[in-house]
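Peer 1: The lines below spell out each chain.
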Amino acid sequence: MGTQVTAVVDAEALPSLDQVPLWFAGWEKTLSRFREDGELSRLNRTTGTRHSVSPTLLEVLQASLAAAVVSEGLVVPTLHDAMLAEGYDRSFDEMIAVSSADRKRVASRPDGLWKSIEVNQVEGSVHLPLGARLDLGGIAKGWAADRAARMLSASGPALVDAGGDISVTGPPQDGYGWPIGVADPYQPGKTIELLMVEAGGIATSGRDRRRWMQDGQWKHHIIDPRTGLSARTDVLTATVLAPDVLQAEVAAKVALILGSREGLQWIEERPWLAGLLVLGNGELCPSSRLHQYQWSAV
Amino acid sequence: MTEKLSSGHKPQGLPGLKFLITIGALAGTFSGWAFLASRNSSGASTSSATLPSALSNMPLPTLVPPPGGVSGGGLVSTSGTSVPRKPLRAVSAPPAPVVVSRSS
Chain A
1 MGTQVTAVVD
11 AEALPSLDQV
21 PLWFAGWEKT
31 LSRFREDGEL
41 SRLNRTTGTR
51 HSVSPTLLEV
61 LQASLAAAVV
71 SEGLVVPTLH
81 DAMLAEGYDR
91 SFDEMIAVSS
101 ADRKRVASRP
111 DGLWKSIEVN
121 QVEGSVHLPL
131 GARLDLGGIA
141 KGWAADRAAR
151 MLSASGPALV
161 DAGGDISVTG
171 PPQDGYGWPI
181 GVADPYQPGK
191 TIELLMVEAG
201 GIATSGRDRR
211 RWMQDGQWKH
221 HIIDPRTGLS
231 ARTDVLTATV
241 LAPDVLQAEV
251 AAKVALILGS
261 REGLQWIEER
271 PWLAGLLVLG
281 NGELCPSSRL
291 HQYQWSAV
Chain B
1 MTEKLSSGHK
11 PQGLPGLKFL
21 ITIGALAGTF
31 SGWAFLASRN
41 SSGASTSSAT
51 LPSALSNMPL
61 PTLVPPPGGV
71 SGGGLVSTSG
81 TSVPRKPLRA
91 VSAPPAPVVV
101 SRSS
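As you go down the protein sequences, you meet chains A and B in turn.
Per this note's numbering, the very first residue in the first sequence carries number 1; after that it's consecutive.
Per this note's numbering, the very first residue in the second sequence carries number 1; after that it's consecutive.
It is worth saying that the hints were derived from the structure and are not from the lab.
One thing to keep in mind: the hints can contain errors.
As the list claims (entries may be wrong) - To spell it out: a stretch of chain A is covered by chain B in this simulated footprint if at least three of its residues, at any positions, have a beta carbon under 8 Å from a beta carbon of chain B; those stretches are: (1) 3–12; (2) 37–45; (3) 182–188.
Stated by the list, open to error - On the chain A side, residues computed to face chain B include the following (Cβ under 8 Å): (4) TRP178; (5) ARG209; (6) MET213; (7) TRP295.
Claimed, not checked - Here are the simulated distance ranges between beta carbons: (8) B:ALA93 <-> A:GLU123: 52 to 60 Å; (9) A:HIS127 <-> B:ALA93: 51 to 59 Å; (10) B:ALA93 <-> A:MET213: 36 to 44 Å; (11) A:LEU14 <-> B:ALA93: 23 to 31 Å; (12) A:ALA13 <-> B:ALA93: 40 to 48 Å; (13) A:GLN62 <-> B:ALA93: 42 to 50 Å; (14) B:ALA93 <-> A:ARG261: 52 to 60 Å.
By construction, the Cβ of each residue, glycine as well, lies at the ideal position given by its N, Cα and C atoms.
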């Protein structure tokens, strides 16, 4: 998934962890759009027809469609072609070495295609409308963190961090929360906040990474489906805590796309969320419920 | 979507043994816990400074013998399998984060 994964289990006896890398390798092959031999890539080559898919792909696709509903169309799975048009046409490590002139230019289109995706849960099949190629992106990453944490939790309270998308199944055995930092986008390697989380999920969405220059303009990987272009926003990074990491992932992306004023309001209107926005001018904007999770001395 | 996220913000007590793996690179997770345990033990030390003269002239407290049948002097384990108490975690310093949420 082009990212680092960390798994921690709080247990008295050593759990079996050697399977974890294999889980992620399998999920990446199924869910990554960069794997030409992967299942998602095969599905993307069959738009306009019904196609049988694995239970994993079916589950993540359903999660991404649920995210589209919850976010009112701001976090959708059908941005594959828009990503390509913006220049994100290969894994980011490969992109760095490629000049913008060499990149494919594909016409992007306003999104609404996700509403035409048909999922048959009984048959285990999917019908993508013509042109609706999928990029499961952050939803796949969050789903993988959540799934791995739940599988590990049989041995004890578990935490899985998939590139900053963090799933926590329960408090450590001391009964208090897991200390989780929030990265400072202006100072790599440093944190701007320390949160104590007993259970749930945290995700950060940002335009501070995975960005590139195309046609003289900075582009980044957070696409606004309303325009098909990299989101124009005053938010640099958005971090959200939620009851699970998938909700956190969706909310962080929504807050970033909407911008600080509407994004913070979106979080405040949902009492199960707390968030912290870092703006492009360096300002910090915490939501009113963030203090419940901030570390404090007794 | 209405489930409440649980949280805690009064870290105390030492966590149980943690097992960590990292795919791609190892993260330094244990250092924070070790640091906190170290702080706690050192924080229990007392000063050996000389008493002020006003206090040194005060009479010593009277020692009262314990009730009959009760032996004094030190803590006595009541079971051969007693479990050592975990040291309390220091609360004046923030713990090191186990992981960091970042955009990727």
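Peer 1: Against this structure, judge whether each hint is valid.
Peer 2: Cross-check of the supplied hints:
1. 3–12: holds (count 10)
2. 37–45: violated (count 0)
3. 182–188: Per the Cβ count (3), the hint holds.
4. TRP178: holds, 5 Å
5. ARG209: holds, 5 Å
6. MET213: violated, 18 Å
7. TRP295: holds, 5 Å
8. B:ALA93 <-> A:GLU123: 52 to 60 Å: holds, 57 Å
9. A:HIS127 <-> B:ALA93: 51 to 59 Å: The hinted range 51 to 59 Å holds for HIS127 of chain A and ALA93 of chain B, with Cβ atoms some 56 Å apart.
10. B:ALA93 <-> A:MET213: 36 to 44 Å: Given a distance of about 42 Å, which is inside 36 to 44 Å, the answer is holds.
11. A:LEU14 <-> B:ALA93: 23 to 31 Å: holds, 29 Å
12. A:ALA13 <-> B:ALA93: 40 to 48 Å: violated, 30 Å
13. A:GLN62 <-> B:ALA93: 42 to 50 Å: Between GLN62 of chain A and ALA93 of chain B, where Cβ atoms are some 44 Å apart, the hint holds.
14. B:ALA93 <-> A:ARG261: 52 to 60 Å: violated, 36 Å
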